[in-house]
Amino acid sequence: MSAPKTGRSPSGGWWRARLTSRDGQTTTGRTLRFEVPGWPGHRPGQHLDVRLTADDGYQAVRSYSLAAPAAGETVELGVQTAPDGEVSPYLNDVLPIGAEAEVKGPLGGWFVWTPETRGPLLLVAGGCGVVPLMAMLRARRAAGTLVDPCALVCSVRAPGELWYAKELADPTGTEDLRVLYTRQAPPGEERPAHRLAPDDLEGLPASPETRCYVCGPTGFVEHAAALLQSRGHPPGSIRTERFG
Amino acid sequence: MASLSPGFHGRGSRSLVERLPPGQYPTESFPVLSAGPTPHVPTDTWSFTVTSENGESRSWTWDEMRALPQEQPVVDIHCVTRWSKFDTRWEGVSLDVLAAGVETSAGFVVAESFDGYTTNVPRADVTGGRAWLVHSFDGYPLSPDHGGPARLLIPHLYFWKSAKWVKGLRFTTEDEPGFWERAGYHDYGDPWREQRYWNDA
Chain P
1 MSAPKTGRSP
11 SGGWWRARLT
21 SRDGQTTTGR
31 TLRFEVPGWP
41 GHRPGQHLDV
51 RLTADDGYQA
61 VRSYSLAAPA
71 AGETVELGVQ
81 TAPDGEVSPY
91 LNDVLPIGAE
101 AEVKGPLGGW
111 FVWTPETRGP
121 LLLVAGGCGV
131 VPLMAMLRAR
141 RAAGTLVDPC
151 ALVCSVRAPG
161 ELWYAKELAD
171 PTGTEDLRVL
181 YTRQAPPGEE
191 RPAHRLAPDD
201 LEGLPASPET
211 RCYVCGPTGF
221 VEHAAALLQS
231 RGHPPGSIRT
241 ERFG
Chain S
1 MASLSPGFHG
11 RGSRSLVERL
21 PPGQYPTESF
31 PVLSAGPTPH
41 VPTDTWSFTV
51 TSENGESRSW
61 TWDEMRALPQ
71 EQPVVDIHCV
81 TRWSKFDTRW
91 EGVSLDVLAA
101 GVETSAGFVV
111 AESFDGYTTN
121 VPRADVTGGR
131 AWLVHSFDGY
141 PLSPDHGGPA
151 RLLIPHLYFW
161 KSAKWVKGLR
171 FTTEDEPGFW
181 ERAGYHDYGD
191 PWREQRYWND
201 A
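Which chain is which? The protein sequence lines are P and S, in order. Under this note's numbering, the first residue of the first sequence carries the number 1, and numbering increases by one thereafter. Under this note's numbering, the first residue of the second sequence carries the number 1, and numbering increases by one thereafter.
Extracted from the complex, chain P is given alone in its bound form (with noise of 0.2 Å):
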């Protein structure tokens, strides 16, 4: 029996992936590293579908966000365990390392930046949506594009709610960092808890050419994008993903 090729997509396009790491991000995420052999890389933004399946042959799938650029055949997931969800607690909290799970992919053709794309670029999270946004800007790292203007803009509602907070303190980034708290600040914050407002944004590229980038629950990207519009922003440069 041969391998099989790389870059090719097994058969009905389900590759085999062993868990090899899983992280604490919040109190209900986590990162989670698949050894996908064959995985044929992906864009920055683009997600997965992830499956399991029960002894008795049930299964159930589910998409999560890619968290980094492509790195050989190793993908990196960022889950938040849903209430009551059937399958994030169960990727979250039970499967063990070195066991398998199958997954799909890459997806999504339309929620992607890579370095190649030039102009500002203006990144705004809510919660967890900060997933997929994380992949674009570690992209951007690690190309050193560092001429166009870039920002991140994270709104979560307590400080314990912050994804990557080490990585997105770190010093020699050259991006606008912003952390938003919407519910509880933390203390010694001057900006007192509420929701993204207008003033959040100031300073942050605001031409017509910038790309927006929008993730998290669909309140906070309705909220999100109908105030990057009243600054400016064409709709057809503000690009959406929505979960719950």
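For the record, the hints were derived by calculation from the structure and aren't laboratory data. Bear in mind the structure is a predicted one, so any value in this text is a computation, not a measurement. No false leads were mixed into what you were given.
Where chain P lies over chain S, by a calculated footprint (3+ residues, C-beta under 8 Å):
{"hint": "1", "stretch": "23–34"}
{"hint": "2", "stretch": "37–43"}
{"hint": "3", "stretch": "187–200"}
Partial chain S-side listing against chain P, Cβ under 10 Å, derived:
{"hint": "4", "residue": "Ser5"}
{"hint": "5", "residue": "Pro6"}
{"hint": "6", "residue": "Gly7"}
{"hint": "7", "residue": "His9"}
{"hint": "8", "residue": "Thr81"}
{"hint": "9", "residue": "Asp115"}
{"hint": "10", "residue": "Gly116"}
{"hint": "11", "residue": "Pro144"}
{"hint": "12", "residue": "Asp145"}
{"hint": "13", "residue": "Trp180"}
{"hint": "14", "residue": "Ala183"}
Every residue gets a Cβ at the ideal spot worked out from N, C-alpha and C, and that includes glycine.
With chain P fixed as given, assemble chain S onto it according to the hints.
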């Protein structure tokens, strides 16, 4: 073959198989998905235009559309992101009525929306009582985030075919892939055959 997903039992109901297409799960909520900001289209400037492959066209204002015969389809809907919603209640105009506005023998139709979104379907899929232009959901005017003031409803295909904020249908002799169909999604999108992505059969 080693056992996959050890310890996974699943909580989905195995008894819904007859109504649930493969790979879907039922939801009571109504998730919103769209590629960009929600456009707000006032009904006093709204119009809907059907254009034939020869350029012949017919338009309806909001009031003219509302004066056409109305139907109240109750249907199951299936999103490619894997949720399905049973017994959704809509009100609107059969696309048979609107398509009859022009003479056409084209094999395909492109739905065009106010935000620039497009999606393509075979003409046979929007006629024969299987598709509607709907303006109400559950007895209320369709909200902007769900495609109001009016969207398509083509329940036998994945829901991205049911274009939100739709402003017209354009009949074409050649199949013209639309927005998601060019961005990786299947050209036809039959939920029962799991036609989700480009490489699906």
